[in-house]
Amino acid sequence: MVVNTHRANCENAKNPGCECSGCGGSLHGWGGWADLAVKPPAAREERRQVLRGKLRRTSAGTLGFNANNRQQSVDLARLDLAGHLWDTDPRPTPDGSRPRDFKVNESPSLDFDNARMNILADEVMTTPWNEIEGGIDALVGNKQTAREIKKGLAWHGWCSMLVALIQVIEKVNEAIGLVADVAKQALSKRFDSGIAKQLKDAVVDLVVDKVWSGLRRLLDAHFPLLGADPVRALRMLAVFACPSVEQHRRVYQHALVPLMGDAKGLVAEEVKAQVAALFTAWWRRKGPATAQ
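Reading the sequence shown from the start, the letters are residues 0 to 291 in numbering that gives the first Met the number 0.
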């Protein structure tokens, strides 16, 4: 097996465009936000002040139309989502923090968003990765090619599959077995055309099969994958894991926008207005929607 080192900067989403071959994107971003969601409120307030301090305004006092402001605005929305996970976590906090020790076979863990999001992430991203990594190495043989494939997965591979799952659940609200083909199509589009089609197809089959094994384990444990609550957890996971929302229109449309519009008030009004203003102009500049 080709051994890759996973960088903490990837898990903490410090590099928005991260293409980490160490985790293939399976740990990107979401772990850092999940850690922040179990820390006391002071930790999130400290991060909020840092993010606000990074916003750049014009001489007229308005937010500048630039990539930096879009990134900070999305992170402020993510921070509000982490705050929601904390606020709705019913576990006692004698020391001012909460553990991340959720178990899929413990029914209380199914009843709140923090547990749902972490269990989904562990079962469909973290746990399958070891087998996926070994499978890619066995399929490819060449170390450099294997690394390039893993980097390709990191560039929107996981959030593409999550959005595919969200879209199908939204449309059919029935058996999870209908999703695999859609996920394979979504993931296949993320790979560079320079990779041989046979190899690309084999890698896509491997990744989706392992992820769907995780979903089947959740179903066997009676973890609900249909309905408003699980879809909300999937949307949060997609937003946390996406390496660059401004380069992934479907994550914006099918995950971030519904979360900002959620009746539970997950994201502050000021942040929603900020994100909407910056991204409406951004998508207008990008032109008609494509298969992003």
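Honestly, the hints are just simulated from the structure, not real lab data. Note that beta-carbon positions come from the ideal geometry of N, C-alpha and C, so glycine has one too. It is possible that some hints are incorrect.
Claimed, not checked - Taking lysine-lysine and the DSSO-like style, the derived pairs with C-alpha atoms no more than 30 Å apart in a straight line are:
no., residue 1, residue 2
1, 38, 53
2, 263, 196
3, 263, 199
To be verified - Label pairs and their calculated CB-CB ranges:
no., residue 1, residue 2, range
4, 89, 201, 37 to 47 Å
5, 198, 41, 46 to 56 Å
6, 8, 129, 36 to 46 Å
7, 61, 228, 31 to 41 Å
8, 58, 91, 45 to 55 Å
9, 16, 166, 34 to 44 Å
10, 142, 257, 37 to 47 Å
11, 52, 256, 41 to 51 Å
12, 94, 8, 46 to 56 Å
13, 201, 53, 38 to 48 Å
14, 141, 48, 29 to 39 Å
How the hints compare with the structure:
1. 38 <-> 53: With a Cα-Cα distance of about 22 Å, the restraint between residue 38 and residue 53 holds, given a limit of 30 Å.
2. 263 <-> 196: The given pair, whose Cα atoms are some 44 Å apart, is violated under the 30 Å limit.
3. 263 <-> 199: Cα-Cα ~41 Å, so violated.
4. 89 <-> 201: 37 to 47 Å: 44 Å, holds
5. 198 <-> 41: 46 to 56 Å: 49 Å, holds
6. 8 <-> 129: 36 to 46 Å: Once the Cβ atoms are compared, 21 Å apart, the range 36 to 46 Å for residue 129 and residue 8 is violated.
7. 61 <-> 228: 31 to 41 Å: Holds, at about 37 Å.
8. 58 <-> 91: 45 to 55 Å: 50 Å Cβ-Cβ, so the 45 to 55 Å window holds.
9. 16 <-> 166: 34 to 44 Å: Between residue 16 and residue 166, where Cβ atoms are some 24 Å apart, the hint is violated.
10. 142 <-> 257: 37 to 47 Å: Holds, at about 41 Å.
11. 52 <-> 256: 41 to 51 Å: Since the Cβ atoms of residue 52 and residue 256 sit about 26 Å apart, the hinted range of 41 to 51 Å is violated.
12. 94 <-> 8: 46 to 56 Å: 28 Å, violated
13. 201 <-> 53: 38 to 48 Å: 42 Å, holds
14. 141 <-> 48: 29 to 39 Å: 47 Å, violated
This entry does not satisfy hints 2, 3, 6, 9, 11, 12, 14, going by the numbered hints stated previously.
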